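> So the chains spell out like this:
Number of protein chains: 2
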Amino acid sequence: MAVQERGERSKRSILEAAASVLDERGYDAASTTEILARTGLTRGALYHHFPSKEAIAAAMVAAQSEALVVPERAVKLQAVIDLSLEYARRLQSDPVLRASVRLTVEQTSFTNPGRTPYQQSVEALLGLFRQAERQGETLPGLDLEEVTQYIVGAFTGIQLMSQVFSRREDLMDRVSAMWRLLLPGIATPGLLPRLRTTPSPSTAAHTAHEESLSSEG
Amino acid sequence: MAVQERGERSKRSILEAAASVLDERGYDAASTTEILARTGLTRGALYHHFPSKEAIAAAMVAAQSEALVVPERAVKLQAVIDLSLEYARRLQSDPVLRASVRLTVEQTSFTNPGRTPYQQSVEALLGLFRQAERQGETLPGLDLEEVTQYIVGAFTGIQLMSQVFSRREDLMDRVSAMWRLLLPGIATPGLLPRLRTTPSPSTAAHTAHEESLSSEG
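So the sequence lines, in the order shown, correspond to chains A and B. For the first sequence, the numbering used here begins at 1216 and goes up steadily by one. For the second sequence, the numbering used here begins at 1216 and goes up steadily by one.
Hints were generated in silico from the structure; no laboratory data involved. Here the structure is a predicted model, which means the values were calculated and not measured. Among these hints, one or two may not hold up.
Claimed, not checked - Away from chain B, derived, C-beta distances all over 12 Å, residues of chain A:
| hint | residue |
| --- | --- |
| 1 | Arg-1240 |
| 2 | Ser-1308 |
| 3 | Ser-1381 |
What the hints assert, rightly or not - Reference excerpt, derived from the structure (chain A facing chain B, CB under 7 Å, subset only):
| hint | residue |
| --- | --- |
| 4 | Tyr-1262 |
| 5 | Val-1320 |
| 6 | Tyr-1333 |
| 7 | Thr-1371 |
| 8 | Gly-1372 |
| 9 | Met-1387 |
| 10 | Ala-1392 |
| 11 | Pro-1399 |
| 12 | Leu-1406 |
| 13 | Leu-1407 |
| 14 | Leu-1410 |
Glycine residues also receive a C-beta, built at the ideal position from the N, C-alpha and C atoms.
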């Protein structure tokens, strides 16, 4: 294994251990000692990657922007919908992303995230919405900044509610419902029946596969 | 002052002190000793009202359902909108309600709230939506349980985002934007132009008055 690759693996294993500790204790009660114990790494190896608990938290928050994968779609509103569905799917299967979102929505002594994770999501969606507008997919007179701010806020809340109601098992259904209710206020009437609000068959298969491998506990 | 009235005042002063401690430290790090210090009450008086920190938290969570005031409106969708605007206004001005919402969205050792606060909001809205449906205000074929679950989730997220972006100063604008975007997927086209998505003039005046008296700090 190349040195760089091994480094990436250690980093990922630290983030995964930190995610499980954060999930149990929350940020303030989590300790690097406990995180270390779950990785089997030395303290020196931990500090090589992350000089502090804050640095681990910051790397986790950065993982949120990595989950914002813009899919290639001719219809840009379909790209927006699919981005949100893929993000939801990752939330179901990736404990590091879940811990990252929790760090964003809770008020702890780790105050770094602030607006950044929301802003990154807004930027990713806004780029797609501007293209959608140029292609004549959106209703006239929409304030696209307002639309994207609203979608990011609404998504944040429904994934939180999905966690409380079903440990995120019903998240895909909730995201689909969001789009069915929201699209008549956003998309042109002609485009509306052509937009798919559920995961594409390939994504759905992917989800079922990953879910059988993961356990949220 | 009657004994009962004095008791209610002590209770409210404990909840307000607890709200300020929770706001600074979060649930797990908050102590009844610190809450007591801010009320000037004896420990006996505290325990008379609340036998434990959990009991204080439970009373706070109950404060959320008290904020769900169903307004009298001939058009029931207008009642739904106004309920959400009034709730948003209270969030801006009432620290106990803010602490209550924080207890609901954060994962702490206080696990009591769970679904209850969400469910109470869903029930309040669902009652109004069923009336709206009977009065022919809603589009045919809506799943009203799904609609209300979505609205409660979306509201939860936008108030969280409003807190991060502006300490909830822009909350009324965000709630108005939610309704403008959402109503075309919910209300009949004929009703749409008659629905008001901003606070009524009397509510707005009320807000300005209370805001000048309160300080979120």
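> Would you check whether Val-1320(A) satisfies its interface hint, that is, whether its CB is within less than 7 Å of any CB in chain B?
Cβ of Val-1320(A) sits 6 Å from chain B, so the hint holds.
> Tell me if Ala-1392(A) is really an interface residue toward chain B, meaning its C-beta lies closer than 7 Å to one of theirs.
Where the cut-off is 7 Å and the nearest Cβ of chain B is about 5 Å from Ala-1392(A), the hint holds.
> Arg-1240(A): least C-beta distance to chain B exceeds 12 Å?
violated, 9 Å
> Against chain B, with CB atoms and a cut of 7 Å, does the hint on Met-1387(A) hold up?
Violated, because the Cβ-Cβ distance from Met-1387(A) to chain B comes to roughly 13 Å (cut-off 7 Å).
> Close enough to count: is the Cβ of Thr-1371(A) nearer than 7 Å to one in chain B?
The hint holds - Thr-1371(A) has a Cβ within 7 Å of chain B, the shortest such distance being about 4 Å.
> Are all C-beta atoms of chain B more than 12 Å from that of Ser-1308(A)?
holds, 19 Å
> Holds or violated: is there a CB of chain B closer than 7 Å to the CB of Leu-1406(A)?
Leu-1406(A) check fails; min Cβ-Cβ to chain B is 14 Å, beyond 7 Å.
> For the hint on Gly-1372(A), just tell me whether its beta-carbon gets within less than 7 Å of chain B.
Holds, about 2 Å.
> Answer holds if the nearest beta-carbon of chain B is closer than 7 Å to that of Tyr-1262(A); otherwise answer violated.
violated, 26 Å
> Using the nearest Cβ pair, does Leu-1410(A) come within less than 7 Å of chain B?
With Cβ-Cβ at 13 Å, over 7 Å, it is violated.
> May I ask you to test the interface hint for Leu-1407(A) with respect to chain B, counting a Cβ-Cβ separation under 7 Å as satisfied?
violated, 10 Å
> Identify whether the interface hint at Tyr-1333(A) stands, where standing means a beta carbon of chain B within less than 7 Å of its own.
holds, 6 Å
Hint violations for this structure: numbers 1, 3, 4, 9, 12, 13 and 14, all remaining hints satisfied.
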